[in-house]
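**Q** Using the sequences provided together with the hints, build the complete structure.
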Amino acid sequence: MTDKINIQNVAKLAAIKLTNEEEQKLEKDLSMIIDHFAALSDMELPDGNISIHPLGLPLNLAEDTAFKFLSHEEALSNAPESKDGQFVVPPSLD
Amino acid sequence: MTNYKLSISKINELFKNKDLKPSELYDEVFERAASTESIIHGHLTLFQDENIKKAIDSDKRYADGEELGVLDGIPIAIKDNINISGHATTCSSKMLSNYISPYDATVISRLKKQGTLFTGKTNLDEFAMGSSTENSAYGPTKNPWDPSRVPGGSSGGSAAVVSAGSAIASLGSDTGGSIRQPASFCGVVGFKPTYGTVSRYGLVAFASSLDQIGPITNNVEDAKLIFNSMKGQDPLDATSIKETNVPQPKTENAKIGIIKELMEDGISEDAKLEVHKVAKLLESQGHEIVEVSLPITKMSISIYYLIAPAECSANLSRFDGVRYGNRISGSTSYEMMEATRAAGFGSEVKKRILLGTYALSAGYYDAYYGQALKARAMMKKEFTSVYKDVDYLISPTTPSDPFKFGEKSDNQLEMYMSDLCTIPANLVGMPAISIPTGLSSNGLPLSVQIMSPANTDNTLLDFSQSLEEIVSFSEVPSMIGDKK
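Respectively, the protein sequence lines represent chains A and B.
Under our numbering, think of the first position of the first sequence as 215, with each following residue one higher.
Under our numbering, think of the first position of the second sequence as 332, with each following residue one higher.
Be careful, since some hints might not be right.
Said to hold, decoys possible - Quick list of simulated restraints, FRET-style, between CB atoms:
| id | chain 1 | residue 1 | chain 2 | residue 2 | range |
| --- | --- | --- | --- | --- | --- |
| 1 | B | Lys629 | A | Asp261 | 34 to 42 Å |
| 2 | A | Asp249 | B | Glu738 | 20 to 28 Å |
| 3 | B | Glu622 | A | Ser265 | 24 to 32 Å |
Simulated from the structure, these hints should not be mistaken for laboratory data.
The C-beta atom is built at its ideal place from N, Cα and C for all residues, glycine as well.
**A** Laid out in structure tokens, this is it:
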């Protein structure tokens, strides 16, 4: 894999606005890292027992019952903007 | 008289015998902070005034013979990515400069129940991404052994404050070596438990399949005490696990494997010599030393730097200027998010989010992230196979002694190589400990790393304690003065 990274597209997907200077530097840095991955990408590997839990264990899901956690006020206490007990955000569309 | 380098059990004995009060130790630790913080910058915040009443409460419990346990009155520092209710959790990021946690992490609530005191929150590489603490938005931490050198990272602040004596112990988090590497650089003990044995609830997530909270201490006995006080399944962390009975490695006449691939290119002569020195000491105690090969460990850096950034790109998507953290205004929600994340994240965090986003994007997923998952499964298989023949594995903790500020910041791959020896334990989920064993030719601390199979944490700690006794490393930074 030696595809050139499209830094503007990746930044858009990641929702991070980059300056021109950052774009140039990150494109160079990320290309170097991705080149380093070539040996791994080219390896023949069996499918194996892929698991998200490093010990291969199932997730230990909690009982589906209500319990006391944060109050409404506590949940909103760090919000940059809130009103009437809700988070306030700019409109989704212009 | 100084008490800040005594073991927790010794301090507890002094408390019980009324030879020392928790409030006196608390004052002593803050006096150390007053004389060392201007040099090392290990703490981001100090809780001295808020917690002195808690220290006096602890005095009363000991006076009445009603102490809550061996950790009652022990001042511990907490990495600033672990939530303590009512206190800031900045993750050393501008993004969270104004965040006050409304809840306790599970490890904090468990320690509070035992009367543990907290000295404050410690510095880290932003969102725990780094190996030198140079990536903190609030300035780097310096190494107490030589302030021109890095303390390691990401838990550099937690390691430096224990080394300097401004906390009796600390908590760090370890995603690819972030407890063990700074512990090694600062000449203290760092322990990463088996994945899932300690709840991650309340730890700000970096890479959820790799992150684990653990202690940084002056000795192995303290690490064991703190680990056993925090461990246990937690309904608030779905990945936490019940204690499992598995065959335990031997502690007498054990077989120990030196990992061949972690003694080759990229490892300094000093670090190799340290492993051979410790191996000889172990042999003299009746243990058998063999060389083992784990070929996939050569791919550790690539596997880790695909999986960790992929998980980080998902975990850090929560910092969008909506529910918490800072916000930069925009005319639409997307513009607000883009601007907020541009202003809030530092360059290393942006780089890893973008790398993870790329590795997970359409057309590249199978070649990168999918391939890394397959390689991780193969690594697990290789380690499982090797543990059929040996009880423990040994390697250097770090490829070299602590490096100078700026020495690796222009060469990202060289910086990433700092974690070469520590990453496999996170990828496989096994416990691993770093134990200081000697000094390099520069007079700086060197450590060895011991690893064992998953769920053998206490046996690994017992074995490490016996190794610590035969090594009897007693050097301390010159700012401490006398040896331990």
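**Q** Compare the structure with each hint and give your call.
**A** Tested hints:
In this structure the hint that Lys629(B) and Asp261(A) lie 34 to 42 Å apart at CB is violated, the actual value being about 21 Å. In this structure, Asp249(A) and Glu738(B) meet the distance hint of 20 to 28 Å, their C-beta atoms being roughly 23 Å apart. Checked against the hint of 24 to 32 Å, the pair Glu622(B) and Ser265(A) passes, with Cβ atoms roughly 30 Å apart.
Hint 1 alone, counting from the list given before, is not met by this structure.
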